[in-house]
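Okay, here's what each chain looks like letter by letter:
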Amino acid sequence: MPPIFSGHPTMLEENDWRNAAHSTGTSIMAAEFAGGVIIGADSRTTTGAYIANRVSDKLTRITDHIYCCRSGSAADTQAIADIVSYHLNFHGMELGEEPLVEVGAAIFRELCYNYRDSLMAGILVAGWDKKKGGQIYSVPIGGMCVRQPVSIGGSGSSYVYGYVDANFKPNMSKDECIQFVTNTLALAMSRDGSSGGVIRLGIITEKGVERRVILGDQLPKFYED
Amino acid sequence: MSILAYNGGAMVAMKGENCVSIAADRRFGIQAQTVATNFQKIFEMGPHLYVGLPGLATDTQTVMEKLRFRKNLYELKENRRISPKVFSAMLSNMLYEKRFGPFFVEPVVAGLDPKTYEPFICNMDLIGCINLPTDFVVGGTASAQLYGMCEALWEPNLGPDDLFETTSQALINAFDRDAISGWGATVYIIEKDKVTIKNLKTRMD
Numbered sequence: 001m002p003p004i005f006s007g008h009p010t011m012l013e014e015n016d017w018r019n020a021a022h023s024t025g026t027s028i029m030a031a032e033f034a035g036g037v038i039i040g041a042d043s044r045t046t047t048g049a050y051i052a053n054r055v056s057d058k059l060t061r062i063t064d065h066i067y068c069c070r071s072g073s074a075a076d077t078q079a080i081a082d083i084v085s086y087h088l089n090f091h092g093m094e095l096g097e098e099p100l101v102e103v104g105a106a107i108f109r110e111l112c113y114n115y116r117d118s119l120m121a122g123i124l125v126a127g128w129d130k131k132k133g134g135q136i137y138s139v140p141i142g143g144m145c146v147r148q149p150v151s152i153g154g155s156g157s158s159y160v161y162g163y164v165d166a167n168f169k170p171n172m173s174k175d176e177c178i179q180f181v182t183n184t185l186a187l188a189m190s191r192d193g194s195s196g197g198v199i200r201l202g203i204i205t206e207k208g209v210e211r212r213v214i215l216g217d218q219l220p221k222f223y224e225d
Numbered sequence: 226m227s228i229l230a231y232n233g234g235a236m237v238a239m240k241g242e243n244c245v246s247i248a249a250d251r252r253f254g255i256q257a258q259t260v261a262t263n264f265q266k267i268f269e270m271g272p273h274l275y276v277g278l279p280g281l282a283t284d285t286q287t288v289m290e291k292l293r294f295r296k297n298l299y300e301l302k303e304n305r306r307i308s309p310k311v312f313s314a315m316l317s318n319m320l321y322e323k324r325f326g327p328f329f330v331e332p333v334v335a336g337l338d339p340k341t342y343e344p345f346i347c348n349m350d351l352i353g354c355i356n357l358p359t360d361f362v363v364g365g366t367a368s369a370q371l372y373g374m375c376e377a378l379w380e381p382n383l384g385p386d387d388l389f390e391t392t393s394q395a396l397i398n399a400f401d402r403d404a405i406s407g408w409g410a411t412v413y414i415i416e417k418d419k420v421t422i423k424n425l426k427t428r429m430d
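Line by line, the protein sequences are chains S and L.
Going by this note's numbering, the first residue of the first sequence is number 1, and it counts up by one from there.
Going by this note's numbering, the first residue of the second sequence is number 226, and it counts up by one from there.
Chain S on its own, in the form it takes in the complex (with noise of 0.2 angstroms):
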């Protein structure tokens, strides 16, 4: 059970559990659309305060019609799509058949769940498969999996929970879903310090990944200057 307070009395606690939250620096999120999913995120990597990558990808590659957004700990989570996608691969060759995301989805969770004490990740898989089509499922931490048309994640993911309940709307066109996904993930990088650098965005459908990136002079503009 970790102390409370330990040490001078007014220095903030470095392990304390009520500053977990604050390594999952991050912003991310999928939403759904008529014809697929789209997926997005920050590409801000920091070790403590220190920005380490200002240009990363977390938007990862686990099938070709099947992604995944990571959050929390970037070595966790790039051992888990590892894993995932290998045994994915596998699973693929077997059945003859492209994987469905809710298999994906599934293996997340087993790994999530079994080895939660000693993980720390926040993942959503998205991706499209002809017996669902478009479809997001969050895999928190702690390991729970469930389906949702729009899921949101990480740190900078607390700014913009009103805005997302106010403005997702399902079945959006393309165009539509994207400039919402942006709008987000301007929001919560303006807000979060974990969060920044350039948005990267993935379209998901029947045809595949399309990958878009929008760079910091092109990013909706919502401060007053």
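If you are wondering where the hints come from, they were derived from the structure by calculation, not from laboratory data.
Glycine included, each C-beta is placed from N, C-alpha and C at the ideal position.
Quick list of in silico lysine-lysine cross-link-like pairs, DSS-like style, CA-CA up to 25 angstroms:
1) Lys131(S) <-> Lys207(S)
2) Lys426(L) <-> Lys221(S)
3) Lys419(L) <-> Lys340(L)
4) Lys302(L) <-> Lys291(L)
5) Lys296(L) <-> Lys323(L)
6) Lys221(S) <-> Lys423(L)
Label pairs and their in silico Cβ distance ranges:
7) Glu110(S) <-> Glu380(L): 58 to 66 angstroms
8) Gly48(S) <-> Gly384(L): 33 to 41 angstroms
9) Ala34(S) <-> Thr421(L): 49 to 57 angstroms
10) Lys426(L) <-> Asn167(S): 22 to 30 angstroms
11) Val420(L) <-> Asn167(S): 43 to 51 angstroms
12) Asn167(S) <-> Thr359(L): 51 to 59 angstroms
13) Ala34(S) <-> Val420(L): 56 to 64 angstroms
14) Ala34(S) <-> Gln265(L): 47 to 55 angstroms
15) Arg305(L) <-> Val213(S): 55 to 63 angstroms
16) Ala34(S) <-> Lys426(L): 31 to 39 angstroms
17) Ala377(L) <-> Arg61(S): 34 to 42 angstroms
18) Gln286(L) <-> Asn167(S): 33 to 41 angstroms
19) Asp82(S) <-> Arg324(L): 46 to 54 angstroms
20) Tyr223(S) <-> Asn356(L): 29 to 37 angstroms
For chain S, the structure is supplied; the task is to place chain L on it using the hints.
Below, chain L without anything else, positioned relative to chain S:
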């Protein structure tokens, strides 16, 4: 997290040819959350004397008020403007008075002597140890990044326009690598006959 990193911030001051610059970011944040982007961290203490107070935001404001009081009393008693060197000594004394329960600010002073107009910069730790370099001083959570940028970009005898460019680039590129600094910047260029204040357009992430 260290108490000096609770609010975050970046600050730099540089010497030029008959001028000095002092610049800071404009973020007011609480750990990772950014609350405001117009927070003042550099304060005018005389027509050619500015002090920057990076660190805990509440102490930034309190130390500024207490310093202004002491400076005003000095100027009333002595009937003259305080010089940057004496001002720094006064600030150092004020911080050391709280040696075992300090203010969590690490000040940066920049100015021109009121009589000779000689450029002056210095910085201090939170208990008042003065550092008097001849080139530049840095402060805040992005100080490591700032040391690197300043060491690379600074050269002696820069004119006011060049000093503005150098200071701005050093500050911006340093705080763009710090998650808890940035969200705007203000640069002051202090010359004998004028002070130019510029707000920079920066990344707001």
